[in-house]
Amino acid sequence: MKVLLLGGNGMLGPSVIDALEGDHELVITDLNPPENSPHETMSVDIADYDQVRRAAEGTDAIINCSVLRHDRKIAFDVNALGTYNSIRAAVDLGHKRFVNTGPHFTVAGSLYYEYDFGLKEEVPAHSDTNLYALSKACGQEICRIFSEHYPIHVLCALFLNFRDPEPAPGDEVRRLNPFSVTFRDAGRALRRCLEVDTATLPSRNEVFFILTDLPHGKFANAKAKQLLGWEPEDKLEGYWRR
Amino acid sequence: MLKILLTGAGTPLGLAVARELRSKGHTLRLSDQEQLRTDGEFVKSQLSHGKTTDRLVKGMHTIVHIPVPASDEASAWIDAGTRTIYNLLTAASIADIKHVVYVSTLDLMVAYDSNIRVDENFRPRPNGEPHQLAAYLGEFVAEEFAQTRQLGLTVLRLGHLTEDDTPGDDMSLHLHDAACAVARAVNTNNNFRLYHVQGDYPGARFSIHAAQHGLDWQPKQLKKEGA
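Line by line, the protein sequences give chains A and B. If you're matching positions, the first sequence starts at 1 in my numbering and goes up one per residue. If you're matching positions, the second sequence starts at 1001 in my numbering and goes up one per residue.
FYI, nobody ran anything at the bench for these hints, they're computed from the structure. Fair warning: there could be bad hints in the mix.
Stated by the list, open to error - What the simulated footprint calls covered on chain B by chain A, stretch by stretch (three residues with Cβ under 8 Å from a Cβ of chain A suffice, anywhere in the stretch; the number is not a length):
hint, segment
1, 1069-1080
2, 1118-1127
3, 1142-1151
As the list claims (entries may be wrong) - Far from chain B by the CB rule (all over 10 Å, computed), these chain A residues:
hint, residue
4, Glu21
5, Asn32
6, Ser43
7, Tyr115
8, Val123
9, Pro165
10, Leu201
11, Pro202
Since this is a predicted model, take the numbers as computed values, not measurements. Positions of the beta carbon are idealized from the N, C-alpha and C atoms, including for glycine.
Assemble the whole structure, with the sequences as input and the hints as a guide.
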């Protein structure tokens, strides 16, 4: 498959590249794309539809890892408008699959996670008014709406905290966020989003919590295991086991 | 009487709402992206992030927000439904404003089969067109503020505005009736309310029962046959 990776030079991008290269042809874009990459790269401002469309031409699917958190103008330009541009380009080009990403509070914001346990992806989306969360939630709502009106599957992988597989020697082991995963397991999950047979999915819009198996019981990763066939390999026990 | 900020004041609906609110004795601060001739207070604003929007809402009791895109480009519609309302409601929250009336559209509900009696308990079903996406996202953003910042919010989903005496389609709403509904909505005091607002005439598509009772509002211009 030829895959356009948006936001390929961000925090998650390199793990996605590691998980896909060799088996998929990659077009890696970002405002400042990675240098000296063996893959095709180009500079793309996701807020500009024409740039996104040009980058997507000739590809089979898009993985959207673009994200901006702090500046209000750019956050909405990237997280909401940028997602609109991306899925619109995907639909216009006849793509059948779009992979979106975001933080877990795209769906389960503070109203949930401060009080509740056993949280699953199917809770009604409430992001809170945090800029990052709400702008990403707008982007995912746009994806959901497109999936309801156009023949495209949206698979949205939600993350929060990324950790190395083991604490570094000498590092103080901090409190582990109950929504944690390693970069390489995150990359593998996105690969499954790209490769899973969409005919096996219950709907054209599916959200997945991507976290490793943790004892907290606050968030569930069963859906990603069952529908994507994803299994986290890094259990992060060094962070939570005495 | 209330001090009310009215955005989108230069639109036909904004002008009608301003007339109606003034006739009720409210004090208005009008705002739009382009300069508007008015004898009253007017602030030109793009609802940007920063102190200008903070100043825009300062001293107000209530905001009536009629979203207006900066252009007809898809990007402007998405911006109007996300960033600008986020800026406005963030400023409103900081200024401790208690109530916002958000003007949306009944177009969000037309995807349902016309044989279904659709009311406010039905999930909105926007299509992928920018103006519907913007209206829906505006509701989505506003509802988060209502839930997490205890901002009083009234959403009015309006039918297709007309100044004719007869309905143009099955979801028409006379401009004056729309303005009256907004004027009624500013006096409500609830954490969250949503109303469908259109004319009451044979063949009218959406029930306005909730608005008639919740807002104590009656459409008068596109009346029932024989009324």
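Hint by hint, here is what the structure shows:
With 4 residues bearing a CB less than 8 Å from a CB of chain A, the segment 1069-1080 of chain B meets the requirement of three and the coverage assertion stands. Requiring three or more residues with a Cβ within less than 8 Å of a Cβ of chain A, the coverage given for the segment 1118-1127 of chain B holds, as 3 such residues are present. Counting residues of the segment 1142-1151 of chain B whose beta carbon lies closer than 8 Å to any beta carbon of chain A gives 5, which meets the minimum of three for the stated coverage. Consistency note on Glu21(A): stated as away from chain B, and its beta-carbon is indeed over 10 Å from all of that chain's, at 33 Å minimum.
The Cβ of Asn32(A) lies farther than 10 Å from every Cβ of chain B, with a closest approach of about 22 Å, so its non-interface assignment holds. No Cβ of chain B approaches the Cβ of Ser43(A) within 10 Å, the least distance being about 19 Å, so the stated non-interface status holds. With a cut of 10 Å on Cβ distances, Tyr115(A) stays outside the contact zone with chain B, its closest approach being about 13 Å. Chain B leaves Val123(A) outside its interface by the beta-carbon criterion, the shortest separation being 13 Å against a cut-off of 10 Å.
Pro165(A), annotated as away from the interface, keeps every beta carbon of chain B farther than 10 Å; the closest lies near 35 Å. Listed as outside the interface, Leu201(A) is consistent with that label: its C-beta sits roughly 20 Å from the nearest C-beta of chain B, beyond the 10 Å cut-off. Taking the minimum C-beta to C-beta distance to chain B, about 18 Å, the non-interface status of Pro202(A) holds against the 10 Å cut.
Violated hints for the displayed structure: none, as all numbered hints are satisfied.
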